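*Asks:* Start from chain A and add chain B according to the hints.
One-letter residues, chain by chain:
2 protein chains.
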Amino acid sequence: MQLRTKMDTPGADAGDYALGLGRNARAAAREVASAGTHVKNMALISIADIIEQRSQNLRAQNAKDLRAAEDKCLSGALLDRLQLTQDRIEGMAQGLRQIASLPDPVGEITQMRSQPTGIRVGRMRVPLGVVGIIYESRPNVTADAAGLCLKSGNAAILRGGSEAIHSNLAIAQCIEQGLKQSGLPASAVQVVNVADRGVVGSLLTMPEYIDVIIPRGGKDLIERISRESLIPVIKHLDGVCHVYIDGAADIDKAIAIAYNAKTQRYGTCNTMETLLVADAVAAEVLPRLCSLFIQAGVEVRGCKKTLALCPQAVLADEKDWVTEYLAPILSIRVVDDLVQAIEHIEQYGSHHTDAIVTENLTHAQRFLRNVDSSSVLVNVSTRFADGFEYGLGAEIGISTDKLHARGPVGLEGLTTQKYIVMGDGQIRT
Amino acid sequence: MQLRTKMDTPGADAGDYALGLGRNARAAAREVASAGTHVKNMALISIADIIEQRSQNLRAQNAKDLRAAEDKCLSGALLDRLQLTQDRIEGMAQGLRQIASLPDPVGEITQMRSQPTGIRVGRMRVPLGVVGIIYESRPNVTADAAGLCLKSGNAAILRGGSEAIHSNLAIAQCIEQGLKQSGLPASAVQVVNVADRGVVGSLLTMPEYIDVIIPRGGKDLIERISRESLIPVIKHLDGVCHVYIDGAADIDKAIAIAYNAKTQRYGTCNTMETLLVADAVAAEVLPRLCSLFIQAGVEVRGCKKTLALCPQAVLADEKDWVTEYLAPILSIRVVDDLVQAIEHIEQYGSHHTDAIVTENLTHAQRFLRNVDSSSVLVNVSTRFADGFEYGLGAEIGISTDKLHARGPVGLEGLTTQKYIVMGDGQIRT
Numbered sequence: 057m058q059l060r061t062k063m064d065t066p067g068a069d070a071g072d073y074a075l076g077l078g079r080n081a082r083a084a085a086r087e088v089a090s091a092g093t094h095v096k097n098m099a100l101i102s103i104a105d106i107i108e109q110r111s112q113n114l115r116a117q118n119a120k121d122l123r124a125a126e127d128k129c130l131s132g133a134l135l136d137r138l139q140l141t142q143d144r145i146e147g148m149a150q151g152l153r154q155i156a157s158l159p160d161p162v163g164e165i166t167q168m169r170s171q172p173t174g175i176r177v178g179r180m181r182v183p184l185g186v187v188g189i190i191y192e193s194r195p196n197v198t199a200d201a202a203g204l205c206l207k208s209g210n211a212a213i214l215r216g217g218s219e220a221i222h223s224n225l226a227i228a229q230c231i232e233q234g235l236k237q238s239g240l241p242a243s244a245v246q247v248v249n250v251a252d253r254g255v256v257g258s259l260l261t262m263p264e265y266i267d268v269i270i271p272r273g274g275k276d277l278i279e280r281i282s283r284e285s286l287i288p289v290i291k292h293l294d295g296v297c298h299v300y301i302d303g304a305a306d307i308d309k310a311i312a313i314a315y316n317a318k319t320q321r322y323g324t325c326n327t328m329e330t331l332l333v334a335d336a337v338a339a340e341v342l343p344r345l346c347s348l349f350i351q352a353g354v355e356v357r358g359c360k361k362t363l364a365l366c367p368q369a370v371l372a373d374e375k376d377w378v379t380e381y382l383a384p385i386l387s388i389r390v391v392d393d394l395v396q397a398i399e400h401i402e403q404y405g406s407h408h409t410d411a412i413v414t415e416n417l418t419h420a421q422r423f424l425r426n427v428d429s430s431s432v433l434v435n436v437s438t439r440f441a442d443g444f445e446y447g448l449g450a451e452i453g454i455s456t457d458k459l460h461a462r463g464p465v466g467l468e469g470l471t472t473q474k475y476i477v478m479g480d481g482q483i484r485t
Numbered sequence: 057m058q059l060r061t062k063m064d065t066p067g068a069d070a071g072d073y074a075l076g077l078g079r080n081a082r083a084a085a086r087e088v089a090s091a092g093t094h095v096k097n098m099a100l101i102s103i104a105d106i107i108e109q110r111s112q113n114l115r116a117q118n119a120k121d122l123r124a125a126e127d128k129c130l131s132g133a134l135l136d137r138l139q140l141t142q143d144r145i146e147g148m149a150q151g152l153r154q155i156a157s158l159p160d161p162v163g164e165i166t167q168m169r170s171q172p173t174g175i176r177v178g179r180m181r182v183p184l185g186v187v188g189i190i191y192e193s194r195p196n197v198t199a200d201a202a203g204l205c206l207k208s209g210n211a212a213i214l215r216g217g218s219e220a221i222h223s224n225l226a227i228a229q230c231i232e233q234g235l236k237q238s239g240l241p242a243s244a245v246q247v248v249n250v251a252d253r254g255v256v257g258s259l260l261t262m263p264e265y266i267d268v269i270i271p272r273g274g275k276d277l278i279e280r281i282s283r284e285s286l287i288p289v290i291k292h293l294d295g296v297c298h299v300y301i302d303g304a305a306d307i308d309k310a311i312a313i314a315y316n317a318k319t320q321r322y323g324t325c326n327t328m329e330t331l332l333v334a335d336a337v338a339a340e341v342l343p344r345l346c347s348l349f350i351q352a353g354v355e356v357r358g359c360k361k362t363l364a365l366c367p368q369a370v371l372a373d374e375k376d377w378v379t380e381y382l383a384p385i386l387s388i389r390v391v392d393d394l395v396q397a398i399e400h401i402e403q404y405g406s407h408h409t410d411a412i413v414t415e416n417l418t419h420a421q422r423f424l425r426n427v428d429s430s431s432v433l434v435n436v437s438t439r440f441a442d443g444f445e446y447g448l449g450a451e452i453g454i455s456t457d458k459l460h461a462r463g464p465v466g467l468e469g470l471t472t473q474k475y476i477v478m479g480d481g482q483i484r485t
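Protein chains in written order, with my numbering: chain A, 57 to 485; chain B, 57 to 485.
Looking at chain A on its own, in the form it has when it is part of the complex (with noise of 0.2 Å):
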């Protein structure tokens, strides 16, 4: 694999490149759909088993996109993210043992009923096909998304952000060698290894080799990508999550939580953003986890009736309700009832991950019912979101579309179903 980063005309070359990646894909895609489960774990392993043994070289390729960016003044929060430290090596090379360890998805048969006709109507699961990876910084993406495609039997194309690509580079010939130790088409993972933006652009208007696109990365690089692509794409945009704190909550398991879903950590998606309180426990509730957010350090934004009971806060205006703050910073809003939580959440949310503390079954219900996010919690932190804790092994993002997959996405959601029909010689009549 070359590294090529000047190129004459980039807009045509771009195109041409882009279009050799996905006749390769496709061609490889087949390969990977019919093959065993026994071999792509043997891939798995094998390439997990390489990343170990070339962490040095790892190290010294990343080193490379370390200095680079410093001397480009990156800050210091995606320095970090870029780093591969010898921990992180390894847990690559864990996590992709542990994808050779889950189930394979491919080839089950479910729902198989016999129709009134006599023939058998069935679905089979089946890989998606050529799935397009568009992410930034974290090298690590690389192994991950590279062992849960190959695991559910696609071809990948993988687009890491320029500033990891010594380190993409390096990760990706461990993969081919892995591939290639267990015979599968060194194609079925390919990394771009030129920095020319219009590859992107070129990849996302080839429906024709590509089934899936998923950018993994901030808001407007998601933006961008859903706006130009005409390949579909699975979205992972903002998480703006509530927990509501209902008049009927057991107060010490709603502080426990909303304290939880807040605090454990400020970076992620299903972080609490907005803390909703009915009016009846406010009073019970609302000091107690006030100084609790501030001696924590977190910021506390709230409306009028928060503020009489928060002295510490300050007020919350309209746009506070529809900020992914990512930081330790907390909008309160005390509402009359669970009805206005539901009618807050369904205007202000952005649909990811919402919760409710009640020990009333009804209350539990409705809210279950009627609030329309990927994921809705009951008694539980917003934090538990997450494709490990729902007990997929992995994931490859969380998808705030409707479409095909809904929250966490790991090995079923790169997966779809066809219809398989079993019969003896039906015509139709």
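Derived from the structure by calculation, the hints contain no laboratory data. On a predicted model such as this, the values are computed, not experimentally measured, just so you know. Take the hints with a grain of salt, since some may be wrong.
Because identical chains cannot be distinguished in the list, a pair is counted as satisfied if it fits within a single copy or across any two copies.
[Claimed, not checked] Under the rule of at most 25 Å between Cα atoms (straight-line distance), these lysine-lysine pairs were calculated in the DSS-like manner:
#1 K375 <-> K309
#2 K361 <-> K128
#3 K275 <-> K474
#4 K275 <-> K120
#5 K361 <-> K236
#6 K474 <-> K291
#7 K375 <-> K120
#8 K375 <-> K361
#9 K309 <-> K291
*Replies:* Only chain B this time, still in chain A's reference frame:
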């Protein structure tokens, strides 16, 4: 519902009109989503009754469309599709009653499993929200689509062809009346009542108000909508369907299936367009089959080997293998074996519906696994690829997409699944 046929400033007006439709639909969608099964069924049955009661009015409005179509010299086939006979009106009513009798997909909870942390994680089936359907000529689609969307808990925006506008609006009035009688919002089903094409353009750019677009009509319509839409589209494209007669086929079954797959109806998407025959049985199968096809008035276009066995056949060219004739024309190719048959289908087919005729279990399994089509059939006519035959009860189309819905799309395809999580105060550590 008022019919406007002329607008002063079409562009801006169309945008405002579309926005109004979107807002109304989004508001209605929440009510329909939480409506009980009984209420939805009542509405469906009321609409069916009203359609029958107003059959005279429907036929009178339909006559206006037919006269306009005749004035425009539309083709006989188009006039036929446009016509609402008494039988077709009763068919619409019966279709709605049948949808009422189907199980309600909304609220179904599956895969509820405990996780090591003690939380229980499952999936709840919920409506998509707002479904936009854009279709041509057949006015009965208005009732079918409204019924399927309603039963699956969605609000619908329906945009029929301008040639059927009087018929569609008359049906829309029946729907509105039935919705009101059962206490559901009238805007749960909105029929676009202006001819301005700009309305469709505006609708396609409102992902905040419409969750999915389903175009029903010719390839041009579907491709144009897919290109313009910022909303996910469930597409129904070509059916270049194959029957492969394997070397291990039961010859009588093979002949019956191939004959039925071509001649039972010529104009449907699941009609066979190319017949593949294994070399080993070609001499036995093709002379008999060809004479049947010729007798039925089917033009046969074949490869050279076919020509040697079917003297009346003409030589097929490369274009024949990719053509959806929708007519009494059939292309035939003699292939070496199963492997070449699958290669042909993957190279030239449209991934819609493909069948094998064989008594060999291994061949059947390889065909099922390796043919990447929305329906893969064994020993059955391709004409069975249909929502009714599959036991879905009704279908809104046959998806040739891989994401979300693949193959016949019934009530389930108009829903999605969200994750639900039940806990007892769990927090993440």
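*Asks:* Each hint should be assessed against the structure and marked as holding or not.
*Replies:* Checked hints:
In this homomeric assembly, K375 and K309 never come within 25 Å of each other (Cα to Cα): the closest approach is 29 Å inside a single copy and 68 Å across copies. Neither within a single protomer nor between protomers do K361 and K128 lie at most 25 Å apart by alpha-carbon distance, with minima of 47 Å and 66 Å respectively. Within a single copy, K275 and K474 get their C-alpha atoms only as close as 33 Å, which misses the 25 Å cut-off; across copies the closest is 22 Å, which meets it. With identical chains, the CA atoms of K275 and K120 are never at most 25 Å apart, being 27 Å at best within one copy and 51 Å at best between copies.
Neither within a single protomer nor between protomers do K361 and K236 lie at most 25 Å apart by alpha-carbon distance, with minima of 64 Å and 40 Å respectively. Proximity of K474 to K291 under the C-alpha cut-off of 25 Å is found in both arrangements, the shortest distances being 23 Å within a copy and 15 Å between copies. Neither within a single protomer nor between protomers do K375 and K120 lie at most 25 Å apart by alpha-carbon distance, with minima of 41 Å and 52 Å respectively. Only within a single protomer do K375 and K361 lie at most 25 Å apart by alpha-carbon distance; the minimum there is 18 Å, versus 72 Å between protomers.
With identical chains, the CA atoms of K309 and K291 are never at most 25 Å apart, being 33 Å at best within one copy and 47 Å at best between copies.
Violated hints, listed in ascending order, are 1, 2, 4, 5, 7 and 9; each of the other numbered hints is respected by the structure.
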